[in-house]
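K.L.:
Build out the structure end to end from the sequences listed, making use of the hints.
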Amino acid sequence: MSRAGHSGRLPVILTIIVSLMLMVMPLPEWAMPFRPDWVALTLIYWAMMLPRTWSVGTAWMIGIVLDVAQGTILGQHALALCFIVFITVRFHLLMRVFPMQQLTATVFAILALYQFILFWINGVAGVDAPLVSYWGPVITGTLFWPVVTLLLSGVRLRAQHGR
Amino acid sequence: MVASRTDSSNPARIPALGVRLIVLLFASIVLMVFDHRQDHLGAVRQAIGAAVYPLQVIVDAPFRLWEWVRDGTADRNELQLELSRLQAERLLTNARLQRMTALEAENARLRDLLEARAQVRDEVRVAEIMAVDANPYRHNIVIDIGEREGAYDGQAIVDVAGVIGQIIETGLTTSQAMLISDPSHSLPVEVNRNGLRTIANGTGEFGRLVLPFVTNNADIRSGDLLVTSGLGGAFPAGYPVAVVDTVNRIPQEPFADVTATPAAALDQVREVMLIWSSAEPGDEKPGDEKPGDEEPDDE
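Taken in sequence, the protein lines are chains A and B.
The numbering of the first sequence is my numbering, which starts it at 850 and goes up by one.
The numbering of the second sequence is my numbering, which starts it at 2 and goes up by one.
It should be emphasised that the hints constitute simulated quantities derived from the structure, not laboratory data.
A hint or two may mislead.
What the hints assert, rightly or not - Where chain A lies over chain B, by a calculated footprint (3+ residues, C-beta under 8 Å): (1) 25-34; (2) 46-59; (3) 175-189.
The C-beta atom is built at its ideal place from N, Cα and C for all residues, glycine as well.
P.N.:
If you want it as structure tokens, here you go:
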């Protein structure tokens, strides 16, 4: 079996940690609403490529960490990430054979769903936010998706050959 | 072609995915309810926060390094200029300080006359801002002083120009603070000129606060300094908060439309000060009972 064993997990964990760091990195004020959801992009990629090792459980834990790091309601990002990773895992075979444009469009839809869940929870909890701050990450996230896939597939291939 | 041999020999089904999803969704909802309704999860947050702390330090490191390099390589001329500027400033401050001691003594005498409790001096400590909240619609910051140093929830934070915000969550070595410009932040203030009390709310913009509950006939004008009134209990009284910007009186509306600019540059500070207030909430200056009655014609 050529499953990703323990030795294959470290690179993935590192990429997730890097994405978390990108999420807490300070940005100039004007750029804040346009920070792509690095964690969501990374988790979508790994859920698509290695759905047996990285699926909803991982997404949930990372979501909790993200909630603490960003000071949001505990469970908000956990729920949203869990849900989009579930969808990704569910359709991972389909998504793998999509050409890049179609895959990017799918990722756009997934990111929009992700922000909608966050928006919804904010609404229920009574947290106010301008609408642009929800659309910004969706758009920049979609634009960055091809770059992210390129980088992460480099990591994946290296990890698989390096074993 | 690579994708086809990634990790699954029989990839059509991931076992028990739906069950796991439902369990986790349920867990997050329970967590959110507990976190939002009651505040029972402080310890959990603190534990995870401690695990995230190294990440924040690493992310912050390049910025610190850059600052350090910039300070180290500032050229001689600039340093000389800075030095002379600081010396001039020190002279000025010293002169003011002399007057200040005299005034303080006078103030103490007057307070004695009024038989009021002498105002205890607040204890102050400098903290550094480690991170700004990644969430653009929340004005939260993380500072490098936590429970270990004695920070507590609701503690006031100021900078050299005025109030910045208050601590909303303490970790072991860091704390989260909410800025006064956060849309969910309200702060009891009073107009320095005549003691008119009101509330200043954040708007989500760094340079603007609104005062939603100023009546149309209240004595307030642009340029008025707003200071903390100390009535909320969290903030010690008398720290500058904002300067009134525009007062727009709308006939037929019960309240005027008043905006103010925060005295502190909320988006530019790097060092802030935490205040340990020893004055007890609730004991206010006597003579503050009926503001706006006799004082307006003083000036």
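K.L.:
Determine for every hint whether it applies to the structure shown.
P.N.:
Evaluation of the provided hints:
Residues of the region 25-34 of chain B with a Cβ under 8 Å from some Cβ of chain A number 8, which satisfies the need for three, so the listed coverage holds. For the region 46-59 of chain B, the proposed coverage by chain A is satisfied: 8 residues have a C-beta within less than 8 Å of a C-beta in that chain, meeting the threshold of three. For a cut-off of 8 Å, the count of residues in the region 175-189 of chain B with a CB near a CB of chain A stands at 3, and the three-residue condition holds.
When each numbered hint is compared with the structure, no violation occurs for any of them.
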